[in-house]
Amino acid sequence: MTNARQQTAAISISDRRDRAITLAPAVLVLAFGFLSPLINLAIESLKEFTPGRVGSVENAATTVQNYHELANQAFANVLLTTFWIGGVAALVGQLVAFPLAYFIVRRLSPRMRTLALGFLITLVLSSVLIKTYAIELTFGSVGILRPLLLTVGLSANSREYINIVVIAGLVHSIIPVATLTLMGAMQSIDPRLLDAAQSLGAPGWKAHLSITLPLSLPALVSSTLISLTFAISAFVIPMVLGRGRVLFMSNVIYTRFSDIANYPSGAAISLVMLATALAVISVITLAHAWKSRR
Amino acid sequence: MSTHSRTARSGDRVAGALAYGVVGLGLAFLAIPLAITCLMAFDARTFLGPLPPPALSLHWFERLASQADILSSLRTSLVLAVLTTILSVSIGTAAAVGLARGDFPGKGILTSAFLSPLIVPPVVIGFGLLLFLSKAGITNGMARLLLGHVIVTAPYCIRTGLASLLGADRRLTDAAMILGATERQAFWSITIPLMKTGIITGAIFAFAISMDDVSISLFLSDPSATTLPVTLVSNMRAAFDLTIAAAAVILMAVTVVLIVVLDRLVGFDNVVGQGLFRS
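Protein chains in written order, with my numbering: chain A, 1 to 294; chain B, 1001 to 1279.
Be aware that a few hints might be false.
To be verified - Here are some chain B residues pointing at chain A (derived, C-beta under 7 Å):
1) A1015
2) A1017
3) H1059
4) A1095
5) L1118
6) F1132
7) P1229
8) L1251
9) V1254
Stated by the list, open to error - The calculated lysine to aspartate or glutamate pairs, modelled on DMTMM-like cross-linking and capped at a C-alpha distance of 20 Å, are:
10) K1196/B / D1269/B
11) K1196/B / D1103/B
12) K206/A / D195/A
13) K1196/B / E1183/B
14) K1135/B / D18/A
15) K1107/B / E48/A
16) K206/A / D1222/B
17) K206/A / D190/A
18) K1135/B / D1269/B
As the list claims (entries may be wrong) - For the chain B half of the interface with chain A, some residues (derived, Cβ under 7 Å), not all of them:
19) I1138
20) G1141
21) I1259
Quick caveat, the hints were computed from the structure, so don't treat them as lab data.
This structure is a prediction, so every number in the text was calculated from the model and none was measured.
Virtual Cβ for every residue (Gly too), placed ideally from N, Cα, C.
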């Protein structure tokens, strides 16, 4: 008995030691390279900005000025642009990803399915730069989709045209991730449910509306929110495709750094952006809690 | 009844055609821009002209290869991606093993903390690191970039590592040790092989993400260490010509090679099962 207890104790001590050794590198890297920079950002965002200086002065006064300055029409417009363009892109992405995921899961042979999966994973892993450039080529001055937009009556220099191109850029990145996310949920829906509904006389579209859609609704909600988080933190896509006229929050942070070197203001915008991202994430977490409760 | 089923059937036909139309348009939208980029990279004209190119040539690739800044940033990117992959896989695999070893207080919080860099906008991470590292006196460009890339790629390695250990039976390690293996032997001959798929998936994701990152590298690059995507972005903003299409073709080829390796070693179904696309 005593022996056995000693044995357990020995195991747990070695376990505890192993745990410390295995977890230490990740904890150190995270604390130094992630948490400290974020805390420093929060401190920096409260520092007074001295024009003409790179970064805040050593003992700069504490102020909420950097946040106060954001309460203006220009920044509100940036926030609004980020959200409406990001939101539209997230929704359009789901509209394509939902039937696409169903098609891949239920309509393709195993061989074609693997091919489709490979295509989607390739897209996820390809550089955002390649995708952005490809969209620019497609919609740009010699692009094949340009005549299409021009016939609809959009001028190539109009704000609407640029908005559409930015949305197209975001959607191109959103579709693969959303499709892969939705495929998991589609796979777990029993295909016999659909067969049953249809053999009982329900038309196909109605069977989908009352079976496939409700059963994949939680996945659809989180896929939408994941896409939204991606879209509102996008940086390269609005920077290149927006031609300086569509500005997302991330682009404003970059200009604070590259153009006017106002670090405290950049830090304040970073914190606003972080808070927005966390707010969207907590909605995802709540949706998950709601899903598992049901 | 018959009218009902007829309307039902025509409703189905419309809905089905609509769904297939969306799927077809969606796939076309994903594939066509990339196909155009590949085609235009081989355009023999020296200017950006309308499709299709009248003749094909490799001159955009030659021009790309003659740019010194492209070559040096390509070298930086490759070295950085290799170092990032090695570090992230080591740190991430170790952390996954530690997290999977039984329950302990704070396990949930620690797991979330490890994965949290994935939910913070990359620009915020890049800008935060820039300010912090300047204050901390770390000015070496390569070191800054490496830290930034490890921060965003290690969570993927932790996640894939954890997913591969999820199905693994802890008793296998115990059995090896009862049969006389030392702890170290059991770790290298049981735990690590069990984690193989997770390690490979994590490594490929880490390499690809490091090769492609712009949002973080743009803040941390300096004249001594600039990554390829950062050079390409500034070229793209300066002049829109087809050397970038040539670069895109090369980057795409790298991705395709990675994907083929991933399929051979792990299989796509397993990749999706690693929890990277968990809803």
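- Holds or violated: is there a CB of chain A closer than 7 Å to the CB of V1254/B? violated, 9 Å
- Go through the hint on P1229/B and say holds or violated, using the shortest Cβ distance to chain A against 7 Å. holds, 5 Å
- Task: Tell me if H1059/B is really an interface residue toward chain A, meaning its C-beta lies closer than 7 Å to one of theirs.
- Result: Violated, about 18 Å.
- Message: Against the 20 Å threshold, does the CA-CA distance of K206/A and D195/A hold or violate the hint?
- Response: holds, 12 Å
- Do the alpha carbons of K206/A and D190/A lie within 20 Å of each other, as the hint requires? Satisfied, since the Cα-Cα distance of roughly 17 Å is no more than 20 Å.
- Message: Would the hint linking K1135/B and D1269/B be met if the CA-CA limit is 20 Å?
- Response: violated, 45 Å
- Task: Could you check if A1015/B really has its C-beta closer than 7 Å to a C-beta on chain A?
- Result: holds, 4 Å
- Task: For the hint on I1259/B, just tell me whether its beta-carbon gets within less than 7 Å of chain A.
- Result: At 5 Å from the nearest chain A Cβ, I1259/B passes the 7 Å test, so the hint holds.
- Holds or violated: is there a CB of chain A closer than 7 Å to the CB of L1118/B? Hint on L1118/B: violated, closest Cβ of chain A at ~10 Å, above 7 Å.
- Under 7 Å, Cβ to Cβ, is where F1132/B needs to be relative to chain A, so tell me if that hint holds or is violated. holds, 4 Å
- chain A contact restraint on I1138/B - CB to CB distance below 7 Å: violated, 10 Å
- Straight-line alpha-carbon gap K1196/B to D1269/B, limit 20 Å: Distance of about 15 Å is within 20 Å: holds.
In terms of the numbered hints stated before, the structure departs from hints 2, 3, 5, 9, 11, 14, 15, 16, 18, 19 and 20, listed from lowest to highest.
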